[in-house]
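Trainee: Sequences listed follow chains A and B, in order.
When we follow full-length UniProt numbering, the leftmost residue of the first sequence carries the number 1, and every step to the right adds one.
When we follow full-length UniProt numbering, the leftmost residue of the second sequence carries the number 1, and every step to the right adds one.
Any given hint could be a false lead.
You can't tell identical chains apart in this list, so a pair holds if it fits in one copy or across any two.
Claimed, not checked - In the SDA-like style, the derived pairs of lysine to any residue whose C-alpha atoms are separated by at most 25 Å in a straight line are:
no., residue 1, residue 2
1, 115, 67
2, 175, 256
3, 206, 354
4, 175, 329
5, 206, 352
6, 206, 351
7, 298, 276
8, 298, 286
9, 298, 268
10, 298, 279
11, 85, 134
12, 175, 232
13, 85, 38
14, 94, 82
15, 298, 269
16, 4, 28
17, 175, 283
18, 115, 324
19, 298, 274
20, 140, 288
21, 175, 326
The set of hints was computed from the structure by calculation and includes no laboratory data.
2 protein chains.
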Amino acid sequence: MSGKPVRFGILGCANIARKVSRAINLAPNAALFAIGSRSIDTATRFASENGFPASVRVYGSYQAVLDEPDVDAVYVPLPTSLHLKWAVSAADKKKHLLLEKPVALDASELDVILKACERNGVQYMDATMWMHHPRTAQMKDFQSDPQRFGQLKSVHSIFCYNPGPDFLANDIRVKPDLDALGSLGDTGWYCIRAILWAADYCLPEKVTALPNTEFNESGVIVSCGASLSWADGKIATFYCSFLTNLTMDVTCAGTNGYLRLHDFVIPFQENVASFYDVSSSRFATLSIGIEPIPSEHKVATDLPQEALMVREFARLVTSIRENGSEPEKKWAIISRKTQLVVDAVKASINRGFEPVGIGS
Amino acid sequence: MSGKPVRFGILGCANIARKVSRAINLAPNAALFAIGSRSIDTATRFASENGFPASVRVYGSYQAVLDEPDVDAVYVPLPTSLHLKWAVSAADKKKHLLLEKPVALDASELDVILKACERNGVQYMDATMWMHHPRTAQMKDFQSDPQRFGQLKSVHSIFCYNPGPDFLANDIRVKPDLDALGSLGDTGWYCIRAILWAADYCLPEKVTALPNTEFNESGVIVSCGASLSWADGKIATFYCSFLTNLTMDVTCAGTNGYLRLHDFVIPFQENVASFYDVSSSRFATLSIGIEPIPSEHKVATDLPQEALMVREFARLVTSIRENGSEPEKKWAIISRKTQLVVDAVKASINRGFEPVGIGS
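Only chain A is shown next, with the shape it has when bound in the complex (with noise of 0.2 Å):
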């Protein structure tokens, strides 16, 4: 690794701006410069519960943390309805984007986010961290084999959580002004990612939303499905939920081979990760039994998935800072494919569960 590490403002305190602070801290080629909230007793408050170096700078508006010449990168965790104004501020800063998930509140807004970026030749990432876990890449070579796993039959995923009553009354991820996306943007982006994901990001033909989504008192979306399909006859679903026990599986099925992880959003500990496969599974004689059964595979990191994301990113930004390369385009693009999935989903629920094409 090559000279100085990325220096990166986080725009506003959510609380899973405690985990991505930490992570920066744990990349080795990123440092924690500033950060910034509406309120400087907020920023500086949460600066102190997280052990913040002294060093770190603090600031009573997210304008100053843009205005600040040493931040190379900011990393955006506010309100989804806040994004549009922020991430293209910082990209009209030339700061480099890592945006918390959801993006945008529906794709046109994402692509007046990803065009500022791209005419300030700013490296842009979803912070989707899963996506960085060794793991991954792991399942991904199970998954390519076509002796071992053939081609892609179904997919289903699964992301809940039950957070209680006082949430669905007041966080910021029910409220139709800030989070409108609700469940669908915060648990399904992971679902719909994950099957994009599966299927090597080739977008579905139609995607058509289970019946049953439930809304909180504001119409926000607390719980949904969708099922995805494409012209190969693969198929795909998904269920996302404020309503329901942690949950996060995903299953694929192809042809010759299988594949699950049951924390693939978060694993279960954070130094090793499993996910399980098996090939060419038969009815043993008289049907008494499978053979073989699916075998565990633990996968080992040295660093966090958020902190492997963390180090990703300011790789990019390094090698477009150190040898003028250009930004990485690949996660726009899965970045916005996800985005025009949880749109669908949103306009097929809109329509009374109809399937519903997907905008390009």
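Model the placement of chain B on the given structure of chain A, informed by the hints.
Mentor: Showing chain B alone in chain A's frame:
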């Protein structure tokens, strides 16, 4: 256990009859008495290949088994299109009826079968073996617990296998004149039963087939799925296929807990089977892990689940014969509910994946 064992006749030499004849031998209150095939040679070869005792009578017709006064009960593993004729004939000969799934081509056929059982006072049970594994009861204990599991919110079930091109061209299970329900009747039956089991046999309000049903050249379903939705907001999805690696998952998510297993139809091993549960899962501090992690529960059984099924069926038959008990209605009721959902999935596929209400 009192008295004589229940004497079974088997109608037909289907592959599954090998497993069930072994189960009849293993069950302490049952005995194999006769087997009939359309061809005496086939029946003789089947008896010999499966090591039937010389005492087992071998017949060259199904009718001969029914005409045998010493046969108390019949197991019927014939192709589904033959169930109506032979199940009704058996009941009218006062034979108790253990009927392979799918039990009928539709609920109207099943109603004729059930009426015949009722007017003849014979026991009816469908041969859904996993219902009888002690694991199933333990899982229900967990799932019925308001503290540990809470209210059921979502279920997902998948049962697939990939028997290869010869099966898809030639097997009974994909012939429109024999098993017209294809994979929906064969593997989808189990998925639907698992969902109804999880929902305490409360029928869904609506059934909507997932897009992308696949058919073979004769128009028989070789893969499909559906969502089931209830008025209380609960939702279930399933996927069944003849084109995908052998996979047998059920996952149930409740407000307070989560339950899953990966070999629900046929346990990986015969004498012990696992399920996994967890309650009150929470993000660890900083959301860098999950606490607690799911627990594996191993459930041992002395008899394989199919022998437990035969034993329970024979127990009911013995109770009717020796104590004058009424036949146990539960099995007819849940069989019929399963068939109603099968019918609704088929109807939804036929109507282009429209939501379909459940018949009564």
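Trainee: Decide, hint by hint, whether the structure agrees.
Mentor: Status of the hints after comparison with the structure:
In the homo-oligomer, the alpha carbons of residue 115 and residue 67 lie at most 25 Å apart inside one protomer (21 Å), although the nearest pairing across protomers, at 81 Å, exceeds that limit. Taking the shortest alpha-carbon separations for residue 175 and residue 256, only the inter-copy value of 24 Å comes in at or below 25 Å, while the best intra-copy value is 44 Å. Proximity of residue 206 and residue 354 under a CA criterion of 25 Å is satisfied in both settings, with 10 Å inside one chain copy and 15 Å between copies. In this assembly of identical chains, residue 175 and residue 329 lie within 25 Å of each other by CA distance neither inside one copy nor across copies; the values are 32 Å within and 50 Å between.
Taking identical chains as interchangeable, the C-alpha atoms of residue 206 and residue 352 lie at most 25 Å apart whether they share a chain (15 Å) or sit on different chains (14 Å). Taking the shortest alpha-carbon separations for residue 206 and residue 351, both the intra-copy value of 14 Å and the inter-copy value of 17 Å come in at or below 25 Å. Taking identical chains as interchangeable, the C-alpha atoms of residue 298 and residue 276 lie at most 25 Å apart whether they share a chain (9 Å) or sit on different chains (18 Å). Taking identical chains as interchangeable, the C-alpha atoms of residue 298 and residue 286 lie at most 25 Å apart only when they sit on different chains, with a minimum of 23 Å there against 33 Å within one chain.
Proximity of residue 298 and residue 268 under a CA criterion of 25 Å is satisfied in both settings, with 12 Å inside one chain copy and 21 Å between copies. Proximity of residue 298 and residue 279 under a CA criterion of 25 Å is satisfied in both settings, with 17 Å inside one chain copy and 24 Å between copies. For the homomeric pair residue 85 and residue 134, neither the shortest alpha-carbon distance inside one copy (34 Å) nor that between copies (58 Å) is at most 25 Å. Within a single copy, residue 175 and residue 232 get their C-alpha atoms only as close as 39 Å, which misses the 25 Å cut-off; across copies the closest is 24 Å, which meets it.
For the identical chains of this complex, residue 85 and residue 38 are intra-copy neighbours only, at 14 Å inside a copy versus 77 Å across copies, given an alpha-carbon limit of 25 Å. Proximity of residue 94 and residue 82 under a CA criterion of 25 Å is satisfied intra-copy only: 18 Å inside one chain copy versus 74 Å between copies. Proximity of residue 298 and residue 269 under a CA criterion of 25 Å is satisfied in both settings, with 11 Å inside one chain copy and 23 Å between copies. Only within a single protomer do residue 4 and residue 28 lie at most 25 Å apart by alpha-carbon distance; the minimum there is 10 Å, versus 77 Å between protomers.
For the homomeric pair residue 175 and residue 283, the shortest alpha-carbon distance between copies (22 Å) is at most 25 Å, but the shortest distance inside one copy (50 Å) is not. Proximity of residue 115 to residue 324 under the C-alpha cut-off of 25 Å is restricted to the intra-copy arrangement: shortest distance 19 Å within a copy versus 80 Å between copies. For the identical chains of this complex, residue 298 and residue 274 are neighbours both inside a copy (4 Å) and across copies (20 Å), given an alpha-carbon limit of 25 Å. Taking the shortest Cα distances, residue 140 and residue 288 sit within 25 Å of each other only across copies (23 Å), while inside one copy they are farther apart (32 Å).
Taking the shortest alpha-carbon separations for residue 175 and residue 326, neither the intra-copy value of 38 Å nor the inter-copy value of 58 Å comes in at or below 25 Å.
Hint check: violations occur at hints 4, 11 and 21; the rest are consistent with the structure.
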